[in-house]
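Based on these hints, arrange chain B on the given structure of chain A.
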Amino acid sequence: QQQVKQSPQSLIVQKGGISIINCAYENTAFDYFPWYQQFPGKGRALLIAIRPDVSEKKEGRFTISFNKSAKQFSLHIMDSQPGDSATYFCAATYTGGGNKLTFGTGTQLKVEL
Amino acid sequence: DGGITQSPKYLFRKEGQNVTLSCEQNLNHDAMYWYRQDPGQGLRLIYYSQIVNDFQKGDIAEGYSVSREKKESFPLTVTSAQKNPTAFYLCASSGLAGNTGELFFGEGSRLTVL
Chain A
6 QQQVKQSPQS LIVQKGGISI INCAYENTAF DYFPWYQQFP GKGRALLIAI
56 RPDVSEKKEG RFTISFNKSA KQFSLHIMDS QPGDSATYFC AATYTGGGNK
106 LTFGTGTQLK VEL
Chain B
653 DGGITQSPKY LFRKEGQNVT LSCEQNLNHD AMYWYRQDPG QGLRLIYYSQ
703 IVNDFQKGDI AEGYSVSREK KESFPLTVTS AQKNPTAFYL CASSGLAGNT
753 GELFFGEGSR LTVL
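First to last, the sequence lines map onto chains A and B.
Here the first sequence is numbered in the working numbering, starting from 6 and rising by one per residue.
Here the second sequence is numbered in the working numbering, starting from 653 and rising by one per residue.
Think of the hints as simulated: they come from the structure by calculation, not from any bench.
These numbers come from a predicted model, not from an experiment.
All C-beta atoms, glycine included, are put in the ideal place defined by N, C-alpha and C.
Accuracy of the hints is not assured; some may be wrong.
[To be verified] Chain A regions said to be covered by chain B (calculated; three or more residues, Cβ under 8 Å):
1) 20-33
2) 47-59
3) 98-104
4) 107-113
[To be verified] The calculated DMTMM-like cross-link candidates involving lysine to aspartate or glutamate, where the alpha carbons are at most 20 Å apart (straight line), are:
5) A:Lys10 - B:Asp706
6) A:Lys62 - B:Glu754
7) A:Lys63 - B:Asp690
8) A:Lys105 - B:Glu676
9) A:Lys105 - B:Glu759
10) A:Lys47 - B:Glu676
11) A:Lys10 - B:Asp711
12) A:Lys105 - B:Glu754
13) A:Lys47 - B:Glu759
14) A:Lys47 - B:Glu714
15) A:Lys105 - B:Glu724
16) A:Lys105 - B:Asp690
17) A:Lys105 - B:Glu714
18) A:Lys47 - B:Glu754
19) A:Lys105 - B:Asp711
20) A:Lys105 - B:Asp682
21) A:Lys105 - B:Glu667
[Claimed, not checked] Simulated DEER-style distance windows between Cβ atoms:
22) A:Glu61 - B:Gly692: 41 to 49 Å
23) A:Asn32 - B:Asp690: 38 to 46 Å
24) B:Asn680 - A:Gln19: 26 to 34 Å
25) B:Ser674 - A:Asn27: 45 to 53 Å
26) B:Tyr662 - A:Leu51: 20 to 28 Å
27) B:Lys666 - A:Gly46: 24 to 32 Å
28) B:Asn680 - A:Gly46: 35 to 43 Å
Chain A extracted, bound-state conformation (with noise of 0.2 Å):
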């Protein structure tokens, strides 16, 4: 059972425009929602997280926008960048369950010239 659907597979963005990719979830003991970001040949390394205490955060060009009663969340990455191009990964966990993340299938975005 897949507990973080994530959407869509692949993105094309030009540069200077908004990627958007958006992640489910379905366990409401959830309360902890990082992205993550891969590029080619590395490790996954965190980009940013929320928690459901609040509907969005922002880091710089990047934002988490998330709905708790939809059990939703997304990220926005304003001004895109072809350094931006990497493969995005949602994630969720909840308090106390021992960091265990749940990932999404990952979203690979390019941003092109």
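Then chain B, alone, in the frame of chain A:
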């Protein structure tokens, strides 16, 4: 540089053989994790350890074994009992045992059973 190192990067084995994947971290992290990745699926947790000499089964532990004799090391053995061992294996560590926080990932080991 601090980090997490997995080896080997690629591994081939014959059916019926056990194989051990290495995972070492020099981040002084308490918690370590092993995940398996298959095409079209999210990562699935195999085993995790929050402290030395202790580990717990994840969602798909059957056919795998681990040990945590040292804080910095968390080797994974894929036994002959694992029915579909061909996969990409990821090791991770976290400094916040028992709490939510950032996971640091290795670059992975790809196991192919011939």
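**Asked** Which earlier hints can't be squared with this structure?
**Response** 1, 5, 7, 14, 21, 22, 23, 24, 25, 28
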